[in-house]
Amino acid sequence: MSSVPHHASRRLTEARRSLDKFDWVQLLLNIGSIAIAWWQVWVVLAGLIAVSALARRFEDRSKRRVRRQPRRTNRGPESPLEHRFLELVGEAGLTRPETQYLVPAGGHEYRLEFAYPSLKLAAELDGRYHQQRERREWDAQRDAALLELGWRTVRLRNGDIEGTPQSVMSMLTAAGVTART
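FYI, in our numbering the residues of the sequence shown are 394 to 574.
Bear in mind the hints are in silico, worked out from the structure with no lab data behind them. A hint or two may mislead.
Unchecked claim - Estimated spans, in silico, between C-beta atoms of each pair:
#	residue 1	residue 2	range
1	His476	Ser511	20 to 28 Å
2	Arg545	Ala443	44 to 52 Å
3	Leu405	Gly440	45 to 53 Å
4	Gln534	Ser445	29 to 37 Å
5	Arg548	Gly500	40 to 48 Å
6	Leu441	Glu555	57 to 65 Å
7	Ile427	Ala537	54 to 62 Å
8	Arg449	Gly500	14 to 22 Å
9	Val436	Pro473	53 to 61 Å
Virtual Cβ for every residue (Gly too), placed ideally from N, Cα, C.
Put together the whole structure using the sequences plus the hints.
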């Protein structure tokens, strides 16, 4: 004979029948769906946080690149033609320009090959590369952005520097470059 009282046995049997009727599979599926939904929420949040951090990083980097004030780079001439240009300026007795001078304009930071900051004058040496249509268009956009800040650009071709250096020096003096003191 059983040691469980009759009324308790009946309740236990009713409880077992109720549990047998309960859909355990559906319960587990619902719990799994909730867990997956929470996981997706966390993945989306983590992605948003990562994208936000990257955006801040690139924003900070772009702010560092484009400065508000023109500045020197402490870099000298980069090509033999640029060295030759400086020699001609020295031989003509003109004021030596700043080399590789950086000027922020139009959301970009432009590096001027030669600059006279007090005159807001840029001297650029244009070789064959600058004869290409795309490069000429880019140079025109750059010159326009600099002009908005009051900078004038004198474009000198390689042939002028080698062939007619006196005309190059005349162009510079006409633009306001004076004899060095």
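Outcome of the hint check:
The supplied range of 20 to 28 Å is met by His476 and Ser511, whose beta-carbon atoms lie about 23 Å from each other. The hinted window of 44 to 52 Å between Arg545 and Ala443 holds, with their beta carbons roughly 46 Å apart. Between Leu405 and Gly440 the beta carbons are some 51 Å apart, a value that agrees with the proposed interval 45 to 53 Å. Between Gln534 and Ser445 the C-beta distance comes to about 33 Å, which sits within the given range of 29 to 37 Å.
At about 22 Å, the beta-carbon gap between Arg548 and Gly500 misses the expected band of 40 to 48 Å. Evaluation of the 57 to 65 Å hint for Leu441 and Glu555 yields a pass: the beta carbon distance comes to about 59 Å. In this structure the supplied range 54 to 62 Å holds for Ile427 paired with Ala537, their Cβ-Cβ distance being about 60 Å. A hinted range of 14 to 22 Å for the beta carbons of Arg449 and Gly500 is consistent with their spacing of about 19 Å.
Between Val436 and Pro473, the C-beta spacing of about 57 Å keeps the proposed range 53 to 61 Å intact.
Consistency with the previously given hints fails for number 5 only.
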